[in-house]
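Enquirer: Kindly produce the complete structure, drawing on both the sequences and the hints.
Protein chains in written order, with numbering that gives the first Met the number 0: chain A, 0 to 393; chain B, 0 to 127.
Treat each hint with caution, since some may be false.
Listed next, the in silico EDC-like pairs over lysine to aspartate or glutamate satisfying Cα-Cα at most 20 Å (straight line) [what the hints assert, rightly or not]:
(1) B/K1 / A/E189
(2) B/K9 / B/E19
(3) A/K220 / A/E178
(4) B/K30 / A/E354
(5) B/K71 / A/D55
(6) A/K98 / A/E62
(7) A/K387 / A/D271
(8) A/K268 / A/E189
(9) A/K207 / A/E189
(10) B/K30 / A/D55
(11) B/K71 / A/E189
(12) B/K18 / B/D104
(13) B/K47 / B/E36
(14) A/K72 / A/D30
(15) A/K70 / A/E19
(16) A/K8 / A/D30
(17) B/K71 / A/D30
(18) A/K312 / A/D355
(19) B/K30 / B/D119
(20) B/K9 / A/D284
(21) B/K71 / A/E59
(22) B/K9 / A/E16
(23) A/K91 / A/D284
(24) B/K44 / B/E85
(25) A/K8 / B/D48
(26) A/K98 / A/D355
(27) A/K377 / A/E354
(28) A/K281 / A/D271
(29) B/K71 / A/D63
(30) B/K30 / A/E62
(31) A/K67 / A/E131
(32) B/K71 / A/D284
(33) B/K18 / B/E85
(34) B/K102 / A/D30
(35) B/K30 / A/E59
(36) A/K210 / A/E269
(37) A/K187 / A/E269
(38) B/K18 / B/D119
None of these hints come from the bench; they were simulated from the model.
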Amino acid sequence: MYLTKEEEKILHGESGEVAERMMRLLVQLGDIYGADKMIPVGSVQVAGVSYKSIADPGTEFLEDLASKGAKVKVLTFLNPAGMDLENWETLKFPKEFAKNQLRIMNAFKSMGIVITATCTPYLAGNLPRFREHIAWSESSAISFANSVIGARTNREGGPSALAAAILGKTPNYGFHLWENRQPSIKVKIEADLTFDADYGALGYHVGKLIKNKIPYFTGIKNADTDQLKALGAAMAASGAVALYHVEGLTPEADLVKKDNLETITVTKKELDEAYAKLNTGKQPDIVILGCPHASLREIAAVAEHLKGKHLKKPVWVCTSRMMKEAADRMGFTATIEQAGGHIVADTCMVVSPIEDMGYKTTGVNSGKAGNYLPGFCKQNVCFNNLHKLLEAVL
Amino acid sequence: MKGRMISPGKVKGTALVSKEPIGFYGGINIKTGIVIEKGHPLEGKNVKDKILVFPCGKGSTVGSYVIYGLQKNGVGPKGIINRETETIVATGVILAGIPCVDKIDIDQIKEGDTIVLNADNATVEVAR
Numbered sequence: 000m001y002l003t004k005e006e007e008k009i010l011h012g013e014s015g016e017v018a019e020r021m022m023r024l025l026v027q028l029g030d031i032y033g034a035d036k037m038i039p040v041g042s043v044q045v046a047g048v049s050y051k052s053i054a055d056p057g058t059e060f061l062e063d064l065a066s067k068g069a070k071v072k073v074l075t076f077l078n079p080a081g082m083d084l085e086n087w088e089t090l091k092f093p094k095e096f097a098k099n100q101l102r103i104m105n106a107f108k109s110m111g112i113v114i115t116a117t118c119t120p121y122l123a124g125n126l127p128r129f130r131e132h133i134a135w136s137e138s139s140a141i142s143f144a145n146s147v148i149g150a151r152t153n154r155e156g157g158p159s160a161l162a163a164a165i166l167g168k169t170p171n172y173g174f175h176l177w178e179n180r181q182p183s184i185k186v187k188i189e190a191d192l193t194f195d196a197d198y199g200a201l202g203y204h205v206g207k208l209i210k211n212k213i214p215y216f217t218g219i220k221n222a223d224t225d226q227l228k229a230l231g232a233a234m235a236a237s238g239a240v241a242l243y244h245v246e247g248l249t250p251e252a253d254l255v256k257k258d259n260l261e262t263i264t265v266t267k268k269e270l271d272e273a274y275a276k277l278n279t280g281k282q283p284d285i286v287i288l289g290c291p292h293a294s295l296r297e298i299a300a301v302a303e304h305l306k307g308k309h310l311k312k313p314v315w316v317c318t319s320r321m322m323k324e325a326a327d328r329m330g331f332t333a334t335i336e337q338a339g340g341h342i343v344a345d346t347c348m349v350v351s352p353i354e355d356m357g358y359k360t361t362g363v364n365s366g367k368a369g370n371y372l373p374g375f376c377k378q379n380v381c382f383n384n385l386h387k388l389l390e391a392v393l
Numbered sequence: 000m001k002g003r004m005i006s007p008g009k010v011k012g013t014a015l016v017s018k019e020p021i022g023f024y025g026g027i028n029i030k031t032g033i034v035i036e037k038g039h040p041l042e043g044k045n046v047k048d049k050i051l052v053f054p055c056g057k058g059s060t061v062g063s064y065v066i067y068g069l070q071k072n073g074v075g076p077k078g079i080i081n082r083e084t085e086t087i088v089a090t091g092v093i094l095a096g097i098p099c100v101d102k103i104d105i106d107q108i109k110e111g112d113t114i115v116l117n118a119d120n121a122t123v124e125v126a127r
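Expert: Next comes the structure, spelled out in C-alpha cells:
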C-alpha cells in the first residue's frame, strides 16, 4: 500500500506510540484486503461500547488509550451502551454493571468522542453526505449509510473504527470503491409491505438467503426511512448485507449495473414463513421497540397507541438521547410513561443485560432484534407489528 | 522459515505450541497468562514470555483486547507465530506491540524449541 511521507512518519513512531499502533493496524488491514492507499474519512462510529460486549479487557484497553492522551480527529459517535446513561437507576440496571459502563463512557469522552451512543447516528447529529468516505461499525448503521445515504463504509470492528477516528483515515478497499458497490443478486418483491415489521421480516428472510451479497430490490414502492432502516438492519443481522439498492428509492440504484443478475422472488408465503420463524414465544413479559433506535415518527406512533391506556407489561422504546429530548418536549414521553411504559435512551435490548433483569420472553417488531435476542439474551421472541404487540399487553 | 510480518519486532524465546486454535477471550486468564479453556491442549499452561505457536485465533472479537491486556499486565507472550493470523489476533498483537509472523509451517516447531523470531524480516529460526 502506498503511504504518504506523513503517514510513513506516523508508522515510524514520530507522532507517538498510540498513533504508531493505530497506523500499523490500518496498514496491516489495508495490506490484507488489498488497499492501494489511505483515504480521509469524514465521520466515524465506534462499536464495542457496552460493558456486556467488551467486558474488563476492553474497558482497560480504552482507559489505557485515554490515559496515553489519544484524541480523535473527526466527528465520532458511539454504538449503544449497555444502559440508559441517565436513568439507569430508575430502570433497575445492576449497579456493578453501571459502574463499569460509566468508566467506558469516561474513557471515550476524554478521547474527544461524542458520547452519543446510538445505532442511528444519522438521526442524532452525525449525518454523512452522498459519496463521503466514513468508517462506521454498527451493522444497521453501516447498511443505512451505504444504501440509503450513499456514503461509503466498510464493516469496521471496534479497534479499526477507533484507529480511523484517531488518524482521520481508513484504508481504501471494499465498499469505498465503486466497482465493489454493484449488486450481485436481484430480489423481486411480490407482496404488500405495510408495517415496519413486514420490512423486518423481509430483511430477515433475504439476509438468511443471500448472506453477504449486494441485493437490488424491485417492487418496493414507497418505503420511508424507518422502513428502510428496518429492512437493512434485519438483512445485516440474519446475513452480512452491508449495502443494498432499491429501484426508484435509494441514490445509487439508477447508477449501478444490474443486467444479467440471478433473481429471487419474495411473495406473501415467504413473508409468512419469516414471521413464523421469528416467533419462538407465546406471551411477552416485556415489549421492546426501537431496534434500530426509534425515530421521532416511531415514538409518536407508540404514544398515539398508548394515549389514556394502561399497560399490563413493561414497554420500552429504545432511542437516541436526541430523539428522547424531542419526545419529552412533544409530550410523547409523558403519554408513554402515564401508560406505564418507558423511553430508554443510549442503549438497546441486545446489548443490555435484560436476561439478568428477569425477562424471559420479549415482544419485538424488529427482524434484527428477533434474530439476536434468542442467542445474545436467551429470550423467547414474539415478533409482530407495533399495533398487535401493544394490544397484547394492554 | 519465511512468512509474513503482522507486527514488527525481534525476540528469542521458548516455543509453546498448540495444534488447536486459541480463543483469547474466555480462553486465557488476562491477569496470570494461564490457559483456562476446558479441554484445550494448553489448559493449565502459561503463555508468559513464551513464543506462542498456534494455527489461528477463534471466538470473540474481545480477544484482541485480551492480547493487549496480557501484555500490559506483564504476562503476555514474547511473540506469536501462526499459520494464518486472522483479524482478532492481528488487531491484538498490533495494539499490544507483540512481534507476530504468519504463513509459517507450524508443524516444524516442537514444544520447548528455542525460537528466534525476527518479525521485521518475517523470519523464524528453530534451534534445538
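Enquirer: Now tell me if each hint is right for this structure.
Expert: Here is what the structure says about each hint:
no.	hint	in the structure
1	B/K1 / A/E189	violated, 56 Å
2	B/K9 / B/E19	violated, 25 Å
3	A/K220 / A/E178	violated, 27 Å
4	B/K30 / A/E354	violated, 28 Å
5	B/K71 / A/D55	holds, 13 Å
6	A/K98 / A/E62	holds, 14 Å
7	A/K387 / A/D271	holds, 15 Å
8	A/K268 / A/E189	holds, 10 Å
9	A/K207 / A/E189	holds, 18 Å
10	B/K30 / A/D55	holds, 11 Å
11	B/K71 / A/E189	violated, 57 Å
12	B/K18 / B/D104	holds, 12 Å
13	B/K47 / B/E36	holds, 16 Å
14	A/K72 / A/D30	violated, 23 Å
15	A/K70 / A/E19	holds, 13 Å
16	A/K8 / A/D30	holds, 18 Å
17	B/K71 / A/D30	violated, 27 Å
18	A/K312 / A/D355	holds, 17 Å
19	B/K30 / B/D119	violated, 29 Å
20	B/K9 / A/D284	violated, 57 Å
21	B/K71 / A/E59	holds, 10 Å
22	B/K9 / A/E16	holds, 18 Å
23	A/K91 / A/D284	holds, 16 Å
24	B/K44 / B/E85	violated, 23 Å
25	A/K8 / B/D48	violated, 30 Å
26	A/K98 / A/D355	holds, 16 Å
27	A/K377 / A/E354	holds, 6 Å
28	A/K281 / A/D271	holds, 17 Å
29	B/K71 / A/D63	holds, 9 Å
30	B/K30 / A/E62	holds, 17 Å
31	A/K67 / A/E131	violated, 30 Å
32	B/K71 / A/D284	violated, 43 Å
33	B/K18 / B/E85	holds, 16 Å
34	B/K102 / A/D30	holds, 14 Å
35	B/K30 / A/E59	holds, 12 Å
36	A/K210 / A/E269	holds, 17 Å
37	A/K187 / A/E269	holds, 12 Å
38	B/K18 / B/D119	violated, 25 Å
Violation of the numbered hints given earlier is confined to hints 1, 2, 3, 4, 11, 14, 17, 19, 20, 24, 25, 31, 32 and 38; the remaining hints are satisfied by the structure.
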